[in-house]
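Colleague: Counted from 1, the sequence shown has number 468 at position 468 by full-length UniProt numbering; the numbering is strictly sequential.
Keep in mind the hints are simulated off the structure, nothing from the lab.
All values reported here derive from a predicted model rather than from experimental measurement.
Don't take each hint at face value.
Simulated DEER-style distance windows between Cβ atoms [unchecked claim]:
#: 1; residue 1: 198; residue 2: 357; range: 48 to 56 Å
#: 2; residue 1: 162; residue 2: 80; range: 40 to 48 Å
#: 3; residue 1: 147; residue 2: 238; range: 23 to 31 Å
#: 4; residue 1: 347; residue 2: 393; range: 18 to 26 Å
#: 5; residue 1: 80; residue 2: 238; range: 44 to 52 Å
#: 6; residue 1: 79; residue 2: 393; range: 53 to 61 Å
#: 7; residue 1: 393; residue 2: 164; range: 35 to 43 Å
From the three backbone atoms N, C-alpha and C, an ideal C-beta is built for every residue, glycine too.
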Amino acid sequence: MKHLCVSDSVTIKTLKQMFVQSVFFLPFSTLVACSSPQTQPVSCRRIIKAYTVTYLSHPEENYQQCGATFIQHATFKEESTKQEVLMLGGIPMLVSMLRSSNPGVSQAAVGALRNLVFKHQYNKLEVQHCGGIAKALQLLKETDSTETQKQITGLLWNMSSVDEIKEELIATALPALTENVVVPFTCWSDSITTNNIHPDVFYNATGCLRNLSCGKQKARKAMRECKGLIDSLVSYIQSCVAEETPDDKSVENCTCILHNLTYQLEAENPECFKKYIPNGINDHTPISVGLLHYDLTTTNPPALHAYLSLLSLSQKDATLEVSCGALQNLTANKGPGSKTMSQILVQKLGALAHVSPHLKSRNPSVQKATMFLLGNLSRNSCVQTSMGKQLLPELTGLLSLSPKEMGNSDDTIVTACDTAMTLMLANTEMSKKFITKQLVSFPKGSKAASLFLYNLWNDKNLQAAAKKVHFKELNCKKL
Numbered sequence: 001m002k003h004l005c006v007s008d009s010v011t012i013k014t015l016k017q018m019f020v021q022s023v024f025f026l027p028f029s030t031l032v033a034c035s036s037p038q039t040q041p042v043s044c045r046r047i048i049k050a051y052t053v054t055y056l057s058h059p060e061e062n063y064q065q066c067g068a069t070f071i072q073h074a075t076f077k078e079e080s081t082k083q084e085v086l087m088l089g090g091i092p093m094l095v096s097m098l099r100s101s102n103p104g105v106s107q108a109a110v111g112a113l114r115n116l117v118f119k120h121q122y123n124k125l126e127v128q129h130c131g132g133i134a135k136a137l138q139l140l141k142e143t144d145s146t147e148t149q150k151q152i153t154g155l156l157w158n159m160s161s162v163d164e165i166k167e168e169l170i171a172t173a174l175p176a177l178t179e180n181v182v183v184p185f186t187c188w189s190d191s192i193t194t195n196n197i198h199p200d201v202f203y204n205a206t207g208c209l210r211n212l213s214c215g216k217q218k219a220r221k222a223m224r225e226c227k228g229l230i231d232s233l234v235s236y237i238q239s240c241v242a243e244e245t246p247d248d249k250s251v252e253n254c255t256c257i258l259h260n261l262t263y264q265l266e267a268e269n270p271e272c273f274k275k276y277i278p279n280g281i282n283d284h285t286p287i288s289v290g291l292l293h294y295d296l297t298t299t300n301p302p303a304l305h306a307y308l309s310l311l312s313l314s315q316k317d318a319t320l321e322v323s324c325g326a327l328q329n330l331t332a333n334k335g336p337g338s339k340t341m342s343q344i345l346v347q348k349l350g351a352l353a354h355v356s357p358h359l360k361s362r363n364p365s366v367q368k369a370t371m372f373l374l375g376n377l378s379r380n381s382c383v384q385t386s387m388g389k390q391l392l393p394e395l396t397g398l399l400s401l402s403p404k405e406m407g408n409s410d411d412t413i414v415t416a417c418d419t420a421m422t423l424m425l426a427n428t429e430m431s432k433k434f435i436t437k438q439l440v441s442f443p444k445g446s447k448a449a450s451l452f453l454y455n456l457w458n459d460k461n462l463q464a465a466a467k468k469v470h471f472k473e474l475n476c477k478k479l
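Sequences are here, hints too, so could you generate the full structure?
Modeller: Written as structure tokens, this is what we have:
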């Protein structure tokens, strides 16, 4: 059958008759072609889209499905269609179709909504206003169609980028996605009726949760307390590490969620760290502290172990950065919780072997996150000597090179100088061998570099080593 392609001179009545008579006999590719800018004039495309929206209100379900499917494909191909459907009132009709008893209709509707809200804030707000989130979640709980699950979780992921919508998603989508997607996908159980979750559904769900974890303190609290969420995310990372697939696309989402949930953890939930501090517990008491899950007598903290494994195995800069960032968050404060975490990482888990190679990363963000983490760890006097032995060769080596080797980042250079000096002062005898002509020739243009050299000169033990490489007091005037 020939393509449905008409000229501007065709009347609206004739177009309607042609569309109604032809739509069910045409291959869908033909309908998509009708909306292509290369196929026909703009006015004709708008008329067809208008009648497509009209189909959504038709009492017959096959008309509704056809209209929704057309919108799904047209909005994927042509951005302007999204605004037209909004103006024509198509979104409320599509939302109501989510509760259709016909699986084909509801699947087409959620697919259309997913495309309509992509990078279109007004459409996202309109879907929320029409109760679309609640209806989509109800459909997720009821459907056993993988394609429908993909479309629903994709819709929720697209919706989750708008701050005004996050509060509702935290209250409703967080528990629903955890219960119906995340836990079943990661924790096989005979008691779970929805174990057969497709990896793309899990990927979309964790993408949504990743956006939600970027929210305010209230959102972080809700996610930390969501039953099964943290365990499932850590379990998934561990399984990917065990299967040597650390760069699986969902690993980055899971790691980002955990990274965001460690932000301000000690300040927002000091109780969990109190249980973690050795002086506050019996040596044989297993403790569960949300993101940490540490048992002093039997296992290493799974979450910490997962981060370190990713730092050793992953090739993705984004995953490396957030893995370092999570450990950085857990050691950021000056309280006892962060201090204990630093000791566990350095003394129990051998974290430096996993972390230090990234000091030479060509990615400035990864290098910066690594340097900040090492700076946090170096504040703990209990680990400074062991850190100095392992890190000073690399740190002083970096400082002996040009700032370009640290991405010309002031923050990275400052932290490198501070960390190196802290470790050198912790054991001056050991540090003398790292004072070289190249080190004391480090560019002095920054305050951090000048302060580093000033402190080096003012320590009597280190000053002697500095003189041997012809470093003089006039080279280190304090700014």
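Colleague: Now tell me, hint by hint, if it's right for this structure.
Modeller: Evaluation of the provided hints:
1. 198 / 357: 48 to 56 Å: Check failed, 35 Å falls outside 48 to 56 Å.
2. 162 / 80: 40 to 48 Å: At 21 Å between Cβs, range violated.
3. 147 / 238: 23 to 31 Å: Given a distance of about 29 Å, which is inside 23 to 31 Å, the answer is holds.
4. 347 / 393: 18 to 26 Å: holds (20 Å)
5. 80 / 238: 44 to 52 Å: Since the Cβ atoms of residue 80 and residue 238 sit about 46 Å apart, the hinted range of 44 to 52 Å holds.
6. 79 / 393: 53 to 61 Å: Check passed, 54 Å falls within 53 to 61 Å.
7. 393 / 164: 35 to 43 Å: Given about 51 Å between the Cβ atoms, the range is violated.
Comparing the model with each numbered hint stated earlier shows that hints 1, 2 and 7 do not hold.
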